Amino acid sequence: MRQYIFRRLLQAIPTLFGITILSYAIVVAAPGNPVATLAFGPRTTQAQKVQLAEQLGINDPVYKQYIRWLVGNDWQSFRTLDRRGNPVRDADGNIEYENGTQRGILRGDFGTSFVSKKPAMDVLVGKIPATLELGGLALLFGLGLGLPIGVLAAVWRGGWFDNITRVMAVVFNAVPVFWLGLLLLLIFGSQLGWLPMGGRYPTNYFITGEVTVRERVEHLILPVAVLSTGYVAVFSRLMRASTLDVLSQDYIRTAQAKGLRGRQVYFVHAARNAMIPIATILGPAIPGLIGGALITETIFSWPGVARTAFTAVLTQDYPVIMASVILVSLATIIGYLLSDILYALIDPRIRLS
Amino acid sequence: MKKTLIVLMLVLSLVMPLAVTQAQGPGEGGPVVEGNFSGSVNIGSFNPLRSNDTAAGRIADDLLFPDVIGASPFTQYYARVGEEGVYGGLATDWTVSEDGLTYTVTLRQDAVWSDGTPITALDVKFSFEAIASGAADTPLTGYINYVEDGNPTGISEVTIIDDYTVEFKFETAACTALGLIGYDVAPAHVFGYDGSPEFDFSIMVDHPMDTDPEVVFGPFEVARFASGEAIGLSPVESWPEGVVIPSGYVYRDVPDQTVEVEQFLAGELNFMDGPSVARRDDLRADANTVVADFPGNAWDFMAFNLADPDNPQPAVDENGDPIDQGHHPIFGDVRVRRALQYAVDVEGILEAAVFGEGTQMAANTIPTSWAADPNLAPIPYDPVKAGEMLDEAGWPLGDNGVRTCQGCMYAEEGTPFAFELITNQGNTRREAIGVIIQDQLYELGIDVDFQAIDFQTLIDTTYGAQTFDAFILGWREGFPSDPDQLQLFSTSSDDPANQGSNASSYNNPEMIDLMIKANTVPGCDPQARAEIYYEIQKMMQEDPPYIWLFAQNLMYAARVEVEGFAAEPNLPLWNVHAWQIAQ
Numbered sequence: 001m002r003q004y005i006f007r008r009l010l011q012a013i014p015t016l017f018g019i020t021i022l023s024y025a026i027v028v029a030a031p032g033n034p035v036a037t038l039a040f041g042p043r044t045t046q047a048q049k050v051q052l053a054e055q056l057g058i059n060d061p062v063y064k065q066y067i068r069w070l071v072g073n074d075w076q077s078f079r080t081l082d083r084r085g086n087p088v089r090d091a092d093g094n095i096e097y098e099n100g101t102q103r104g105i106l107r108g109d110f111g112t113s114f115v116s117k118k119p120a121m122d123v124l125v126g127k128i129p130a131t132l133e134l135g136g137l138a139l140l141f142g143l144g145l146g147l148p149i150g151v152l153a154a155v156w157r158g159g160w161f162d163n164i165t166r167v168m169a170v171v172f173n174a175v176p177v178f179w180l181g182l183l184l185l186l187i188f189g190s191q192l193g194w195l196p197m198g199g200r201y202p203t204n205y206f207i208t209g210e211v212t213v214r215e216r217v218e219h220l221i222l223p224v225a226v227l228s229t230g231y232v233a234v235f236s237r238l239m240r241a242s243t244l245d246v247l248s249q250d251y252i253r254t255a256q257a258k259g260l261r262g263r264q265v266y267f268v269h270a271a272r273n274a275m276i277p278i279a280t281i282l283g284p285a286i287p288g289l290i291g292g293a294l295i296t297e298t299i300f301s302w303p304g305v306a307r308t309a310f311t312a313v314l315t316q317d318y319p320v321i322m323a324s325v326i327l328v329s330l331a332t333i334i335g336y337l338l339s340d341i342l343y344a345l346i347d348p349r350i351r352l353s
Numbered sequence: 001m002k003k004t005l006i007v008l009m010l011v012l013s014l015v016m017p018l019a020v021t022q023a024q025g026p027g028e029g030g031p032v033v034e035g036n037f038s039g040s041v042n043i044g045s046f047n048p049l050r051s052n053d054t055a056a057g058r059i060a061d062d063l064l065f066p067d068v069i070g071a072s073p074f075t076q077y078y079a080r081v082g083e084e085g086v087y088g089g090l091a092t093d094w095t096v097s098e099d100g101l102t103y104t105v106t107l108r109q110d111a112v113w114s115d116g117t118p119i120t121a122l123d124v125k126f127s128f129e130a131i132a133s134g135a136a137d138t139p140l141t142g143y144i145n146y147v148e149d150g151n152p153t154g155i156s157e158v159t160i161i162d163d164y165t166v167e168f169k170f171e172t173a174a175c176t177a178l179g180l181i182g183y184d185v186a187p188a189h190v191f192g193y194d195g196s197p198e199f200d201f202s203i204m205v206d207h208p209m210d211t212d213p214e215v216v217f218g219p220f221e222v223a224r225f226a227s228g229e230a231i232g233l234s235p236v237e238s239w240p241e242g243v244v245i246p247s248g249y250v251y252r253d254v255p256d257q258t259v260e261v262e263q264f265l266a267g268e269l270n271f272m273d274g275p276s277v278a279r280r281d282d283l284r285a286d287a288n289t290v291v292a293d294f295p296g297n298a299w300d301f302m303a304f305n306l307a308d309p310d311n312p313q314p315a316v317d318e319n320g321d322p323i324d325q326g327h328h329p330i331f332g333d334v335r336v337r338r339a340l341q342y343a344v345d346v347e348g349i350l351e352a353a354v355f356g357e358g359t360q361m362a363a364n365t366i367p368t369s370w371a372a373d374p375n376l377a378p379i380p381y382d383p384v385k386a387g388e389m390l391d392e393a394g395w396p397l398g399d400n401g402v403r404t405c406q407g408c409m410y411a412e413e414g415t416p417f418a419f420e421l422i423t424n425q426g427n428t429r430r431e432a433i434g435v436i437i438q439d440q441l442y443e444l445g446i447d448v449d450f451q452a453i454d455f456q457t458l459i460d461t462t463y464g465a466q467t468f469d470a471f472i473l474g475w476r477e478g479f480p481s482d483p484d485q486l487q488l489f490s491t492s493s494d495d496p497a498n499q500g501s502n503a504s505s506y507n508n509p510e511m512i513d514l515m516i517k518a519n520t521v522p523g524c525d526p527q528a529r530a531e532i533y534y535e536i537q538k539m540m541q542e543d544p545p546y547i548w549l550f551a552q553n554l555m556y557a558a559r560v561e562v563e564g565f566a567a568e569p570n571l572p573l574w575n576v577h578a579w580q581i582a583q
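From first to last, the protein sequence lines stand for chains A and B. Here the first sequence stands for residues 1 to 353, numbered as in my numbering. Here the second sequence stands for residues 1 to 583, numbered as in my numbering.
Be a bit skeptical, because a hint or two may be false.
16 Å max Cα-Cα, derived EDC-like pairs, lysine to aspartate or glutamate [claimed, not checked]:
id, chain 1, residue 1, chain 2, residue 2
1, A, Lys118, B, Asp53
2, A, Lys117, B, Asp137
3, A, Lys117, B, Asp206
4, A, Lys118, B, Asp206
5, B, Lys538, B, Asp373
6, A, Lys118, B, Asp210
7, A, Lys117, B, Asp210
8, A, Lys118, B, Asp137
9, A, Lys118, B, Asp212
I should point out that these hints are in silico values taken from the structure, not numbers from a laboratory. Predicted, not measured: the structure shown is a model, and the values here were computed from it.
Could you build all of it, start to finish, from the sequences and the hints given here?
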C-alpha cells in the first residue's frame with residue numbers, strides 16, 4: 001500500500017507541472033493585463049502605468065514570468081530605481097543593483113497578490129475553514145439524506161416514495177443553484193425574515209466578537225441547503241441503483257431467509273456493499289468542496305476559496321489565480337488517491353499494487 | 001371633571017414616551033450597517049497610504065484616517081477645519097506663494113492619534129515621504145513629482161516649518177495642487193519614523209498596520225476584519241468633532257445590488273450608497289426608508305476615434321514633435337461628430353437605460369461641478385437637424401436607406417456610413433446605451449455594429465491599440481472634483497503604447513492652452529477658473545471628441561430608524577458620529 005501511494009504521488013508531480021504550465025499560459029494569454037484594471041482612471045499618468053507594469057513584472061516574456069513564478073527571482077539582480085523610475089547610481093556613477101525577493105513556488109513562495117498585497121497562498125488558506133465548513137456540512141447533509149433515500153427508494157421500487165424521490169432528484173439536479181439560492185433568500189430572508197440573508201456571522205460579531213451557536217446555525221441553513229441539494233440528488237440516485245444491484249444477490253436472499261428484520265437486511269447488509277460505488281465519487285468530491293461552491297458562496301456572501309479565486313480572475317491577480325490552481329489541483333490528486341485507497345478498504349477483493 | 005383629568009393623565013402617560021425620543025449617549029446607538037457589492041470586502045490595506053480600493057476608500061479614508069486638507073459637504077470643495085461640516089481634514093488654513101509654487105499649510109493642534117500621540121507636521125511629511133520613497137508599495141504615486149514631456153506634476157518636496165506648519169513645493173504652478181496636498185495621513189510614530197532621510201520605508205510593507213491598525217484618527221477604530229465578509233469598527237471614546245453615538249460601523253459584503261436592496265428592506269442593512277437604479281423608486285416609496293438624491297460624479301460617454309484606426313500612432317514623438325496620425329474616415333470630420341450629437345436622444349437613453357436616474361451632460365464637465373457652465377444647455381435631440389448636417393458633410397441618404405459618402409471629407413466615395421461601436425460586457429447600463437444608440441442611428445441611415453466585449457479587450461482595443469471606431473465607457477471624477485482634464489485630452493496622453501487616456505487622438509491646441517491657463521490662474525480663484533472652463537465647455541460642444549451622455553445620479557438611503565442621516569453629495573457620512581439608531 002505504501003509503495004502504491006508513493007508511486008502515485010511521484011506520478012502526480014509531472015501532472016502538476018503540466019497543469020501549471022497550461023494554467024499559466026491560459027491566464028497570461030487572457031486579454032488585457034492587471035495594469036488596465038489596477039490603474040484605470042482619468043488621472044493615471046503613463047509613467048504610473050509603466051512603473052506599475054514593471055513592478056508587477058508583466059512586461060517580461062511569458063516563459064520568464066513562468067520560470068520566475070516557479071523558482072523565484074532572488075538569484076537575479078535588478079536595477080535599483082528611484083521614485084521617478086530612474087536607475088539609482090552610486091558615488092562613482094555606477095548603476096546600483098539589488099536582488100529580487102521572490103523565492104518561487106518550488107520553495108513555497110506563491111508570490112504576492114497584486115490586489116491585496118498579501119502572500120497569495122495566505123489569501124486562499126485563510127478562506128479554507130469557511131469553505132470546508134460550508135462544503136463539509138453540505139456533503140454530510142447530502143450523504144445523510146441521499147443514502148437513506150436511495151436505499152428506501154430501491155426497497156420500495158416503483159412505489160410512491162420511489163417515484164417522488166426520483167422526480168425530486170431530477171428537479172434538484174436541474175434547478176440552477178443561483179436561482180434556488182435567490183429564491184430561498186427572498187422567501188426565508190426577505191419575505192418571512194426567518195433567516196439571515198448572507199454572511200457567515202451576524203453583524204454584531206464584527207464589533208463585539210460575540211456569536212451564539214444559534215446565530216451560527218441560522219447563517220448556515222440556507223447556503224448548506226442550497227449546496228446540498230445537488231449532493232442529495234446525486235447520492236440518492238446512485239445509492240438507489242447500487243442498492244438495486246445488491247438486493248438481487250444471493251446473500252441478501254439468505255439474510256431474508258434467515259428471518260432478519262428488513263431494516264437490518266437493507267441498512268446493514270445491503271447498504272454496506274451498495275456504498276462501494278459511492279466511494280468512487282467521494283474522492284473527487286474533495287476538490288469540489290474547495291472549488292465547487294462558487295455560486296453558493298457568491299449568493300450568500302460566504303467568504304470561501306472559490307469566491308476568492310473568482311474575484312482574482314476578474315482582477316487578473318495572477319499569483320492568487322495560480323495559487324488557487326495549485327490548491328485545487330493538489331486537492332484533486334489527493335482526492336482521487338484517497339478514493340482509490342478507500343475503495344480498497346471497503347472492498348477486500350481489491351488489492352492496490 | 002376629576003374623572004376626565006384622570007383619563008387625560010393616563011392617555012398622556014401612554015403617549016409621552018412615544019413622543020419624546022430618548023437621546024442616546026456615546027456608543028449607545030445601534031451600529032451603522034452598510035453593504036459593499038463591488039466585489040468581496042477585501043481591503044488591500046488599512047494603511048491609507050498602501051491601498052486605494054473601494055473598501056479602503058470607505059473605511060480607511062472616510063472613517064479611520066485624516067487627510068491633510070478636508071472638504072465641506074456644503075460647498076463640495078476643500079475647506080478649513082472649523083468651517084461648517086468640514087470632514088476629515090487637519091488643515092486650519094493654507095496660503096499660496098505669489099508664484100503658485102509653494103503652499104504653506106497650518107494644521108489643527110487638537111488632533112491626537114487614538115493612542116494619545118499628537119498629530120503633527122512630522123506625520124504629514126512622513127506620509128508624503130512614504131509615497132515618494134517607492135519602497136512602501138503604494139498605489140498613490142500620483143502625488144509625487146513625475147516629469148512627463150517636460151511638464152513636472154505633483155509635489156516635489158514637503159518641509160516641516162514647525163510642529164503644526166508644513167510647506168509643500170511644486171515645480172509647476174497648478175490649481176490642482178490642493179487635490180494633491182489633500183492626501184491621507186498615517187501615524188509616523190507607529191513605524192518609528194523620526195524624519196531621518198535614511199529611513200527605510202519598506203518597513204510599511206506587511207506591517208501589522210495593513211490588517212490590524214491600532215492607531216487611528218476618526219470616529220471609529222477597527223474591531224474585527226474578516227476578509228471577504230465584513231469589516232467591523234467600534235466607536236472611539238474621544239473624537240474632537242463630537243460624541244460618537246453609534247455602537248459601531250459594519251461594512252458587510254453583499255453579492256450584488258439586488259440582494260443589497262433586499263437586505264436593506266429586510267433591515268439587515270441600514271445605510272446604502274448607490275442602490276440599484278432599478279429599485280430607487282421602490283426605496284422612495286418605502287415608508288421605512290429615507291433617501292437623498294444628487295447628480296453624481298460618474299459619467300458615461302461615447303468616444304470617437306479621430307485618427308486613422310488602421311495605422312495608430314502616438315500624437316508626438318520622443319522629441320515632442322507632432323506625428324501624422326491620419327484621419328478616421330468618418331469621425332475625422334468634425335461636422336459628422338457635431339451632427340451625431342443631435343442624432344442621439346440622451347433623455348430617451350436615460351429613461352430606458354437607468355430609469356431616469358441620471359443628468360444629461362452639456363459638455364465635458366459634470367453638472368455638480370463649480371466649473372459647469374450654468375448657461376450652457378445640453379445638445380437637444382433633433383434628428384432632422386442631424387440629417388441635414390450629415391447631408392452637408394457629404395453623407396446623404398442613399399436609395400437603400402443607408403447614408404454613403406458622396407463628397408465627404410476623408411472616406412472613399414461610396415463608402416457606407418457604418419462603424420463598430422463597442423463597450424464592456426457585463427455592464428448592463430452601457431450595453432443598453434449601445435443598443436439604443438444603434439437603434440437611433442439606424443433611423444438616420446447609419447449602420448452601427450454594436451458589440452459588448454470583455455473589459456480587458458476593450459481597454460486593449462481602445463486605450464491600447466487605438467484600432468476602434470467608437471466606444472462607450474465612463475469616468476468617475478475624484479472628490480473634491482477638479483475640472484482639469486488635460487490628462488484626458490492632451491497630446492501627451494495620446495499614446496497607444498502606454499495606453500494613454502486620450503484614446504480619441506483629440507488634438508485641439510486652443511483647448512489645451514485654455515486648460516493650462518485655467519489650471520494656472522494666479523491665486524486659483526474658482527470663479528476666474530470657471531470662466532475659462534465655460535469657454536472650454538463651449539469648445540467641447542463645437543469640436544466634440546465624445547458624445548456627452550449623462551452623469552449617473554447618486555442616491556444614499558438610510559432606514560427610517562437612523563436619526564441624523566443628512567447625506568450630502570460625496571460625503572454621506574460627514575456627521576455619522578451623531579447618527580442615532582434605534583435598536
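Verification of the hints:
Among the hinted pairs, Lys118/A with Asp53/B is consistent with the structure: their alpha-carbon atoms are about 14 Å apart, no more than 16 Å. Between the alpha carbons of Lys117/A and Asp137/B the distance comes to roughly 8 Å, so the proposed pair stays at or under 16 Å and holds. For the hint linking Lys117/A to Asp206/B, the alpha-carbon distance of about 8 Å falls within 16 Å, and the restraint holds. With a CA separation close to 7 Å, the supplied pair Lys118/A and Asp206/B stays within the 16 Å bound.
About 9 Å separates the Cα atoms of Lys538/B and Asp373/B, which keeps this hinted pair within 16 Å; it holds. Between Lys118/A and Asp210/B the CA atoms are separated by roughly 9 Å; this keeps the pair inside 16 Å, and the hint holds. Our distance criterion of 16 Å between C-alpha atoms is met by Lys117/A and Asp210/B, whose separation comes to about 9 Å. Straight-line distance between C-alpha atoms of Lys118/A and Asp137/B comes to about 12 Å, which keeps the hinted pair within the 16 Å bound.
The straight-line distance between the Cα atoms of Lys118/A and Asp212/B is roughly 13 Å, inside the 16 Å bound, and the hint therefore holds.
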